[in-house]
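Trainee: These protein sequences, in sequence, are chains A and B.
What the first sequence shows, in my numbering, is residues 1 to 227, in sequence order.
What the second sequence shows, in my numbering, is residues 1 to 776, in sequence order.
No wet-lab data here; the hints were simulated from the structure.
In this text, all values refer to a predicted model and were calculated from it rather than measured experimentally.
The beta carbon of each residue, even a glycine, is placed where N, CA and C say it ideally should be.
Take these hints with a grain of salt, some might be off.
Example chain A residues on the side facing chain B (calculated, C-beta under 10 Å, incomplete) [to be verified]:
id : residue
1  : His51
2  : Ala54
3  : Ile56
4  : Ser80
5  : Ala81
6  : Arg84
7  : Phe87
8  : Ser95
9  : Pro98
10 : Leu112
11 : Thr160
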Amino acid sequence: MTSTEPLLTARDVHLSFGATPALAGTSVDVRPGEVLALLGASGSGKSTLLHCLAGILRPDRGEIRYRGQRVDDQPDAVRSALRRSDFGFVFQFGSLVPELTALENVTLPLQLAGRRRRDSESVARRWLERLEVGDVAGQLPGEVSGGQAQRVAVARALVTGPRVVFADEPTGALDSLNGELVMELLIGAAREQGASVVLVTHEPRVAAYADREVVLRDGALAVEVPA
Amino acid sequence: MRTIVLGTRLALRGSRARVAVTALALAFAVAFLLAVLGALPARQAKLDRLAERVPVSVGSEVAGEQQAAPPVLRLSGGIFSTWRGRTLSGHQVVDAQDGTILPPGVSRLPRPGELVVSPDLARALAGPHAAELTSRLPGRVVARIAPEGLSGPHELYAYVGVAKTSTGYPADEVLRFGHRNDPADVSPELRVAAQLGGLGLLLPVLVLVATATRLSAGARDRRLAAVRLVGGTARQVSLLAAGEALVVGVLGAALGALVFGVLRPVAASLVPVEGGVFTADLTPPSGQLVAVLLAVPVLSLLVSLLAMRRLVVDPLGVRRRSRRRSRAGWWRLVPLAAGLALLGWLWGRQGDLEGFDVGLLLSGGALTVVGLAVVAPAVSRLAGVALVQLPGTASRLAGRRLLADPSATARTLTGTVLVVFVGIWLLAFLPIVKVSSSSQASDFAAALPGSSFVVTHGFGLDPGVEQVLSELPGVRQAVTVGLIQLARPGIRSGDENTQIDDLTQAAVAPCVDLAAAFGRKVRCGTGAVFTLRRVREDVSGYTKTPSGPRTVLSPDGALLGEVVVPATATEIDLGIDGWPFQAGTFLDPSVVPPAALKAFSSMLLVTTDGAPATTERVRNALFSQGVHGAQTLAEQLAFEDRTVLGYERAARLGLLLAVLVGAVSLLVASVDAVRARRRDLAALAALGVPVGVLRRALVLEVLAPLVGCLAVAVGAGAFASAAYLSADTYYREVVGLPWQAWGSATGFAALVVLVVTGLTLPLARGAARPEHLRTE
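Let the hints inform the model, and build the full structure from the sequences given.
Mentor: Right under this line is the structure:
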């Protein structure tokens with residue numbers, strides 16, 4: 001499933017928030033089609049590393065490369081375009097716009113990319129159906145269950161056909177049954193599309209879906225565990 | 001453009017409540033702005049309407065010596081009377097002929113015994129008090145005057161058909177109607193007061209708009225961050241926000257125009273001018289109307305784009321561009337201190353305020369307003385420091401909350417605080433305006449009841465009128481006071497080189513009757529010459545009549561008789577020494593030659609039981625004597641101070657409106673604050689904090705900074721007022737600072753804030769429910 005050339009690379013990444021170091025020389029590769037789990041205790045820097053890999057945060061030192069090109073020194077517009085076209089996101093909280101319906105949430109990245117509304121809605125509906133939440137297309141995130149909301153978030157993450165999906169504690173707010181359902185749908189759909197998944201979790205049950213596990217401690221790579 | 005459209009759709013779909021409230025606030029501002037822009041045209045329209053019905057007659061200065069085209073319209077000089085406190089005016093139409101020119105709004109002329117009247121007067125003539133009018137307006141109503149012939153919808157105006165005039169003056173032959181007036185001049189005090197009033201009203205409206213735009217800011221930030229997460233660029237996010245602003249701007253402008261259109265009749269009815277203002281006249285010029293309706297969405301768009309430049313929206317959230325969170329530091333005192341320093345410049349300045357001083361005054365006021373808004377978080381923080389020192393969970397929670405975010409509560413109070421400051425300043429101006437237009441009637445009003453008539457008549461009244469009036473039901477006393485001129489023997493009026501006391505005035509009336517009219521117990525004795533005891537020593541005007549023989553001269557200088565003013569005349573106290581008693585001498589009619597009483601003007605004092613019906617009976621009796629404009633003292637004062645009263649009413653109404661608008665801002669902000677803190681409140685409740693404690697904490701959170709902010713606003717307002725007053729010695733001595741009015745205004749504002757806070761308390765129970773612990 002995986003190839004040897006990394007799709008996404010972090011090299012010697014340092015990042016501090018004020019006087020508090022979050023990442024201290026972390027390096028990691030994400031290969032095409034690979035599911036990589038970032039594990040670690042609370043405050044170990046796993047979410048920060050994910051944000052750096054996704055071009056959301058800029059490291060103070062070190063570099064992030066995507067398909068061989070540096071992205072951390074690119075302007076915001078380039079990194080935004082990358083997030084729009086090549087990346088998808090599923091977070092524990094806050095990834096859906098609460099005032100928009102499920103369909104409108106999934107449509108949003110397509111419309112931001114300039115696709116017509118009708119086309120966008122057609123594609124979005126297919127993804128919602130595929131993730132078994134087609135029946136809540138017209139409902140607001142607050143009106144659906146947590147599991148349904150996360151599946152909508154997965155649909156939104158995958159609707160643009162991304163090469164990498166970043167998932168930060170995607171099952172953190174779900175019970176085990178719903179958590180498993182969301183993970184199966186996410187990983188299944190991502191593999192089907194050939195997309196890599198970078199997964200932040202502290203649950204072994206979720207990490208079990210990964211091809212490879214990386215454990216962080218105090219902002220640095222502690223252990224790498226091949227699947 | 002596509003992104004703006006997407007933003008527009010997102011705004012309409014995603015944040016309806018926010019868009020609706022912001023658009024409503026903007027609509028209110030637009031409606032208010034349109035009403036303000038329409039006020040001046042309304043005033044001008046009223047002047048134009050009055051000017052357009054002025055008859056231009058043969059021989060008048062304007063028309064020259066032209067001849068009126070036959071058949072000639074003949075009008076009396078005018079009817080000027082009063083009915084139940086309202087001005088009643090019009091013209092007598094003498095022996096109307098067919099085919100003459102018609103006054104504006106009149107479809108046919110009244111023939112003798114007929115009336116053409118305004119709608120309000122027609123209602124009055126058909127109402128229960130019609131009998132009070134019939135002797136002044138004899139005849140039956142045959143037509144109504146259309147709006148184009150009236151200055152306002154509630155004007156009492158009449159064209160009375162008569163065979164000959166009853167005014168004693170010949171009728172004028174009318175050439176045409178329409179005489180352009182020069183615009184009325186507004187005094188500097190009124191202009192400053194009006195500017196302050198406008199500022200006072202506009203401020204809370206702007207605060208309301210600002211409050212509304214912050215509504216659900218957290219939700220908007222989450223939405224924008226989510227858009228960034230899925231790849232929206234910073235520019236796209238700005239354009240999305242601009243789309244929302246555009247929706248709000250367009251909706252606000254359209255709704256504002258609609259609200260203005262719907263409420264225009266109400267606004268017109270509130271304009272404090274006698275006779276009212278026609279709704280159609282309260283219309284902004286079309287250019288200004290279009291400018292406002294276009295400018296609001298454009299400004300809304302630009303303000304949104306500018307505001308977005310201060311925000312950093314990234315996929316993880318929204319933050320301000322400033323490096324550090326703003327603290328409630330001492331620098332916040334600087335704008336307030338600078339504003340007060342500018343106002344202090346005026347302190348002790350003598351003489352009238354020139355343009356530079358007015359500019360200084362307004363700049364100082366504007367800077368103080370900004371300063372009050374800037375200093376509010378510092379006051380809020382101090383309140384937090386004080387609260388955490390107190391025992392009890394509620395005060396500690398409130399104190400910590402204020403210390404954590406002093407600006408949040410300060411923002412909700414800003415509208416009310418600014419209204420109090422401007423209101424206090426405005427309240428200090430009104431007495432100045434009042435004093436600057438004091439009337440002669442006020443001299444009498446101090447000694448006679450307001451329902452009394454004091455009528456001066458140039459030709460001398462029919463001696464029988466006193467008897468007629470005395471016999472009217474409800475009349476207590478009717479006394480004629482003659483006003484004659486006394487001269488030092490040998491002096492003729494018109495002589496050159498006369499000394500100041502060579503010619504003096506004296507009043508002529510029976511002492512007993514005069515004392516009864518003024519309600520004074522006076523020992524008149526048997527003397528015939530009296531002097532008045534001074535009430536005040538500083539009365540300016542006529543010189544006291546010297547003792548010794550004085551001659552009575554007619555206005556044309558003829559010798560009419562002689563009077564001896566004794567050195568020790570009986571001194572009596574009528575409680576008045578203003579006009580016409582400044583000379584301090586009055587005589588019994590028995591010692592004055594009868595010819596003198598006929599030669600000079602006389603004055604009639606009539607005291608009544610104060611009933612409106614009695615007032616109208618007296619007026620009717622005087623009308624039959626050719627005295628058309630008789631008014632009670634209270635009416636005279638009201639009419640002379642009409643402008644002042646109008647401004648007072650406008651100021652009170654404006655302040656009330658401003659406080660209410662401030663209250664709406666506070667309510668919107670308070671409800672939003674409780675909603676935004678649902679999770680925090682739910683967490684506290686889950687920890688076992690009783691809802692009562694949460695409610696007390698919410699009240700203290702508002703009350704503590706409110707007290708501090710109001711104290712600063714009242715202090716600044718008092719300083720600003722005192723600085724202005726100190727610029728004029730007369731105002732400083734006569735007017736003084738209106739502490740009572742200030743106290744009432746501040747108390748009212750504080751009460752409104754407390755009521756609004758009380759209204760939000762029931763929300764605390766709902767907000768503290770455990771389910772709010774669930775974030776999404």
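Trainee: When the hints from earlier in the document are held up against this structure, which numbers fail?
Mentor: Of the numbered hints given earlier, the structure breaks none, since each of them holds.
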